[in-house]
Every structure is written in C-alpha cells, then in structure tokens.
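Novice: Please take these sequences and the hints and turn them into a complete structure.
Spelled out from the first residue to the last, the chains are:
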Amino acid sequence: MIITLTTDFGLRDGYVGAVKGVILRLAPGATIVDISHEAAPFDAADGAFILWQAAPYFPPGTIHVGVVDPGVGSERRGLAVRSGGQVFVGPDNGLFTPFLTAEAIVRELTNPQLRLPNAAATFHGRDLFAPTAARLATDMEFDECGPRVRDPLRLAGWEPTFDGHWHGVVVHVDRFGNCVTSLPADLLAPGVQEAIVAEFPPIPAGRIYADVARGQPICLAGSSGRLEIAIREGDAAAALKLKRGATVTIREKK
Amino acid sequence: MIITLTTDFGLRDGYVGAVKGVILRLAPGATIVDISHEAAPFDAADGAFILWQAAPYFPPGTIHVGVVDPGVGSERRGLAVRSGGQVFVGPDNGLFTPFLTAEAIVRELTNPQLRLPNAAATFHGRDLFAPTAARLATDMEFDECGPRVRDPLRLAGWEPTFDGHWHGVVVHVDRFGNCVTSLPADLLAPGVQEAIVAEFPPIPAGRIYADVARGQPICLAGSSGRLEIAIREGDAAAALKLKRGATVTIREKK
Amino acid sequence: MIITLTTDFGLRDGYVGAVKGVILRLAPGATIVDISHEAAPFDAADGAFILWQAAPYFPPGTIHVGVVDPGVGSERRGLAVRSGGQVFVGPDNGLFTPFLTAEAIVRELTNPQLRLPNAAATFHGRDLFAPTAARLATDMEFDECGPRVRDPLRLAGWEPTFDGHWHGVVVHVDRFGNCVTSLPADLLAPGVQEAIVAEFPPIPAGRIYADVARGQPICLAGSSGRLEIAIREGDAAAALKLKRGATVTIREKK
Chain A
1 MIITLTTDFG
11 LRDGYVGAVK
21 GVILRLAPGA
31 TIVDISHEAA
41 PFDAADGAFI
51 LWQAAPYFPP
61 GTIHVGVVDP
71 GVGSERRGLA
81 VRSGGQVFVG
91 PDNGLFTPFL
101 TAEAIVRELT
111 NPQLRLPNAA
121 ATFHGRDLFA
131 PTAARLATDM
141 EFDECGPRVR
151 DPLRLAGWEP
161 TFDGHWHGVV
171 VHVDRFGNCV
181 TSLPADLLAP
191 GVQEAIVAEF
201 PPIPAGRIYA
211 DVARGQPICL
221 AGSSGRLEIA
231 IREGDAAAAL
241 KLKRGATVTI
251 REKK
Chain B
1 MIITLTTDFG
11 LRDGYVGAVK
21 GVILRLAPGA
31 TIVDISHEAA
41 PFDAADGAFI
51 LWQAAPYFPP
61 GTIHVGVVDP
71 GVGSERRGLA
81 VRSGGQVFVG
91 PDNGLFTPFL
101 TAEAIVRELT
111 NPQLRLPNAA
121 ATFHGRDLFA
131 PTAARLATDM
141 EFDECGPRVR
151 DPLRLAGWEP
161 TFDGHWHGVV
171 VHVDRFGNCV
181 TSLPADLLAP
191 GVQEAIVAEF
201 PPIPAGRIYA
211 DVARGQPICL
221 AGSSGRLEIA
231 IREGDAAAAL
241 KLKRGATVTI
251 REKK
Chain C
1 MIITLTTDFG
11 LRDGYVGAVK
21 GVILRLAPGA
31 TIVDISHEAA
41 PFDAADGAFI
51 LWQAAPYFPP
61 GTIHVGVVDP
71 GVGSERRGLA
81 VRSGGQVFVG
91 PDNGLFTPFL
101 TAEAIVRELT
111 NPQLRLPNAA
121 ATFHGRDLFA
131 PTAARLATDM
141 EFDECGPRVR
151 DPLRLAGWEP
161 TFDGHWHGVV
171 VHVDRFGNCV
181 TSLPADLLAP
191 GVQEAIVAEF
201 PPIPAGRIYA
211 DVARGQPICL
221 AGSSGRLEIA
231 IREGDAAAAL
241 KLKRGATVTI
251 REKK
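Line by line, the protein sequences give chains A, B and C. Mapping to the working numbering: the first sequence position 57 is 57, numbers consecutive. Mapping to the working numbering: the second sequence position 252 is 252, numbers consecutive. Mapping to the working numbering: the third sequence position 88 is 88, numbers consecutive.
Worth flagging that the hints you see were computed from the coordinates, not collected in a lab. Please note that a few of the clues may not be correct.
Here are the simulated lysine to any residue pairs, SDA-like style, with alpha carbons at most 20 Å apart [said to hold, decoys possible]:
id: 1; chain 1: B; residue 1: 243; chain 2: A; residue 2: 12
id: 2; chain 1: B; residue 1: 243; chain 2: B; residue 2: 198
id: 3; chain 1: A; residue 1: 243; chain 2: C; residue 2: 12
id: 4; chain 1: C; residue 1: 243; chain 2: B; residue 2: 12
id: 5; chain 1: A; residue 1: 243; chain 2: C; residue 2: 10
id: 6; chain 1: B; residue 1: 253; chain 2: B; residue 2: 186
id: 7; chain 1: C; residue 1: 243; chain 2: B; residue 2: 10
Specialist: Written out as structure tokens, the structure reads:
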C-alpha cells in the first residue's frame, strides 16, 4: 500500500520523520513516498498545486496525506476525500480543491480511533492524519472515518475567464522560475498566439523551449497540462516580475 | 527491517545516496527512511533534537543511523546504542544523548567486520555506520558490535533549572520560527502563566495557536512535549530575536 | 528492484512526486531511492558528479534515472546505458560520462512502448525516463530499448594533466565547502606534498581533517577517491575563493 506525503514541514526538523514513524508503526510494510515537504508555509493553494501535479500519476488506491495546515488546533475539520480511485487525508482548508470533483466523496475524521492517544493540539499531521492514512491502508473502511461532508472548503480562482480573450493567473512558480498559469494548455495555438503579461512585449507561443533562443521568453503547454510562461534556460518569474496571482492574457499574434 | 537516516549531509551531494546504496547492498529489502539530512552542519545538539522528535514514533526494532560528525577520522569512538527497543548507530559525540537512559546499553564499533573494505578516513557514515546498521538488520547480534561503553559522551544543558521560577533555554528553532525550549510542557498552565524572554512583553500561555490573533506571540505545549514560543502564522525566532540557547522563564501571570 | 533518482527538479514542486507515481504505477513494489534532486539546474556535470559519488555503492541490477536535462524537447537523444552491472536512464548530454567505460553498452530510447501516452514535450523525466526504468525493472529487456549508440556525448575535463607537476580542477563543491578535484587521491603523499590554489599559501597534505587545527586548510584523499581541499570545520570554497573549474596543482613540499 502506498501512502504519499505533501507538507510544508520542511526538511530540517524531525516532523516528517515522526509522521513516517507513526505510519510504519500502524501500517508495517507501507510504501511511504515523499511528494514534497517544501510547500510554502501555511499556503494551502501551493500545497494543492503540488498535489495536483503529482497525485494523478500514482496507482489507484494510493492514499495521499496532505498537511499544509495553518488552522491546526482550531475548529477546522479533518477530512478524508475519495476521488479518482485515490484517497486524500488532511485539513479542510482547500488543500484538496483539485480533487473535489462531482464524484468525490468527503468524510469528516470524527472517529476517535483515528487519533493517536495523547494527541497534541498542534500536530494533526502526526497524530490524526498519519494514523488515519495508516488505518485506511490496513484495517479500516473509508466510510468508517466519520459523517459525510457536503461543503468542503474550496480555493477560489482556479478557473480562467473569457471576455473575447482568455484571462488567467499565475498559479505556481516552479524552481526554475517557470510560471504555470490557470489557463488550460489546449487554449494555446503555437505560432498563432501570444501571451501578454504586464507591460512586457508579447510572448510568443511555442511547443518546446528550444523553439526560442537561450534567454528568450516563450509560452507553451506545460507538463501539467496548463499554459506556462518560461524563459529558455532562464528564470521567467524574475525576468518578467511574475508572481503567483499575476494576470496572463492570450490573444492572436498581431 | 526499518533503517532511518539523520545527518548533516544536506541534499545536494551524493553522500546520502552512497549511504543508501551501501545499506541496500548489505541488507536487501531494508526499508530506508529519511528523517532529516539538514541538521545544522557539525552540530550534534541539533541532530540530537531532530532524532528525539522523530525516533520515538518508530516501531520497536527500528535502527536509527545518525551522522553529524565533526570528529570523523579522529579518535572519537563509533557507537551502537540499544535504548527503548530501538538501536542507534553513529559517532560518540552526544548525538544520542536523549536515548542514553539508565537502561540503555552502549557498545563501541570495534568489530572489523562492521567496516567496509577500503573504508575512507573521512566518511564513516558510508563506510562504518551504514554497514553496521545493515549488518544489525540482517545477520549480526547487537552484542557482537564490540565492548561495552560506560561513558558515552552526553550533551550538557538539556535540563531546566528552578530558583522559585523555572528557567530553560531554547533548544531548537524550527522551520516556522517556532522556538522549542528545554522546559517540559507540563510546567505550563494555560491562562495562568506567561513566559519571559529578554526585554519583550510577557508572552501569554495558551493551548492552541488560534488562542491568539494572527501575528501575536503565544507559549504553548509543543508537539514534542516541551514548551514552545510561537507566533500565530508568524516567525517567533525573528520577531523575538530568539536563538538556540536563549533563556526562557515561566512565571505566574501578573 | 531498486530504481534511484538524480535530478535538478528541486524538492518544492510536484515533479519528483509525479516521476515516483509513474514508476510505482508501472513497477509496483519497486524500491525508489532519492539520490539527489538538488543538482545545479541545467548542469549535467554536477549531476554526473553526484551520480558518480553514489551509484557505485548500489547493488548490481540497480537502475539509475538521471534527469538534468536542459535540452528536453529538442533533438537530443534519450539513452539507456548498461555499465558495471547497473543501468542508467536519461538524456544524452554527458550526465553518464563517468559510466561510459569501454565495456558500457548504450542504446537509444526509440521503442515507442517506453513513452507514456500523451507524453509532454517538456517532461521526459516523467514521460520517458521513468517509464523506461519501470519497464526495465519489470518486463522489458535492455536490448529492446532501441538501437546501439556509439557516440554518446561525454563531458570534457574529467582527466588531470601532467607537466612535471599534476594539475587538476575543482569538479565539485559540496555542502560543507569541501572542494573535490579531478586529481586521483593516490597522487597524494600526506606530509610530503602540498597543493597550490591561486595566490594562497600552499595547503599541506594530510590524512584526516584532525591533522590540522580548526579553521586551517588541508588537502586530503576525499571519500570519493579524489584529492579534496578542505578546511577543518570550515568552508574551503568560501575561504579560498574556489569554484568549480578552479585549477589545483600538487607539488613536493618546499
């Protein structure tokens, strides 16, 4: 059984290790896979994006634990989400927005057996979400987690808008400075269109980085199926002053 | 069999990979778990804290390899420590202080079979500690490691002091800027007490981050069972200028 | 079956997770081992060095996926390299130079079955190299990958030169600031020789860090079998202004 971890715990502290220990204690033989522990601190949207990049590639039955959880210890609910043949376990703060499809079933983690004895108020990743994942991987049915939830929190702004042109926003800046947008890649016609960001010259649409010279900007279908703004072997976010939330518009090349 | 790794090797180089390769070569099928490779370089106290956060959550029989080892190549001993049903393998420099309980049994790694042929003088993690863990996970008994050690090195300053008030120190600053202290959390009475650090206003004791407004400081029982100084969705270490070693005092609220 | 990963993807994004998901989907039960995801971006030489530090320690039959791939999407070939009883899968850009021995067999990844359906032009790590590794770990023979390649790209400058003295270059600066050179360690006679870098005083040859006082430079046989310039408990790269490519000469002590 595969259990993945996506958190904002970082890699310096023992937090991730404690979570892994709990899982291996309760689900001996589980395969634990790190997706990322470097989500931006307290930023559920960043965690949601990372999960969305990776989770669909895992086998059916995979259990994904997500912990980007500024509200830990408050009244926010803990959730288990069954979606697309996989299960997601974590806080009810929008982290699982990409998986809250019409078919998804959501349950609140109220079953007291899901919680470690002496659970800390500030570490649900270790004391609630990890044991829940381990129990779901071994001896507990999804429906036993707790009652159905009909109104899980969803993040706003994942959908592009249209007013003659398509407008989207940068939803993620990756390590290389590539800027992933909310615009579906199939809106893009390489060679025919261009992208407009702020006051910069239009950015030509291409198919691969090598369609432009080194250091030149390009917009292209990113590996996650959305339009990306990139600079070949360069840092688009820095050069074009793009941050998450920046507006991107597609239009016909003039 | 589970073998964990806690080092200051960082994640850029091939050092961690080499250690994993050695383990998988000698103990095929071992489950290797990364606890952290970002312990502060050369800082055994930091490594000890990270191990202490994570190790207790692992199943009995887990073997923990710890390598924060400024003295590698010198005369400092290599140790195997059996404590709390688990085994710790690494240098004799205080890294295993939290596990050196009265019941712990410590042995020096003198058995020549524990060392890789052509061992490098500067990489005991790969050439001595990894093979020792792999051998202990497969075909060697703990007692075969070498002779008993009665005087393993211990780190100073893990115990709080009392002079009418309890005084402790910051023992760890985590990724979020939360400051973990040496004061046991059960000294703390939420709502009744407050913590004093340097010249700042007293910090109220609470139960969860949400007990204070965003950006406000709080002291509370941390997830590792000790008193922590935190700022809700903020960085306490930066705001309160706290570093490891800074004094923290608990007193009744005035 | 063991599949290792060495990339420049970094640890923030979901890229590494997606690669792992693909592998676990196609090769259930594979043991995935992270070597490093922090190779310098776009820098095949850095990736080659990291792989060279770690790969030889893994068991025969290990499959190493390497993705440091500035040319992704261009015409550069994808390769599978069989060398030293292991297999390497990744781009043809020099990343596998250390393993391109006389006995190595190299094949181009042309078999269409190696590619994920709907493969992205910009993410061969996920859509070509990961599935290739998974197929090689399960149901495909090495020779089925594609035709032999006789001219894989090799990185220049891995060999030292001799003109009365041996001259090499810094090939890697590790996390601690230790500078690994291209000079084989067996050229070094501790106590007899010294290393010259730029305008700094000669650096004595020793056997272990503790041969010099804290803060003092030393050159010694590094754990990877090459001469290293280090400062005991310090950062040699910073103190001696050494970067990759800097010249290092060995001579008799005067």
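Novice: Find the hints from earlier in the document that the structure breaks and name them by number, from lowest to highest.
Specialist: none
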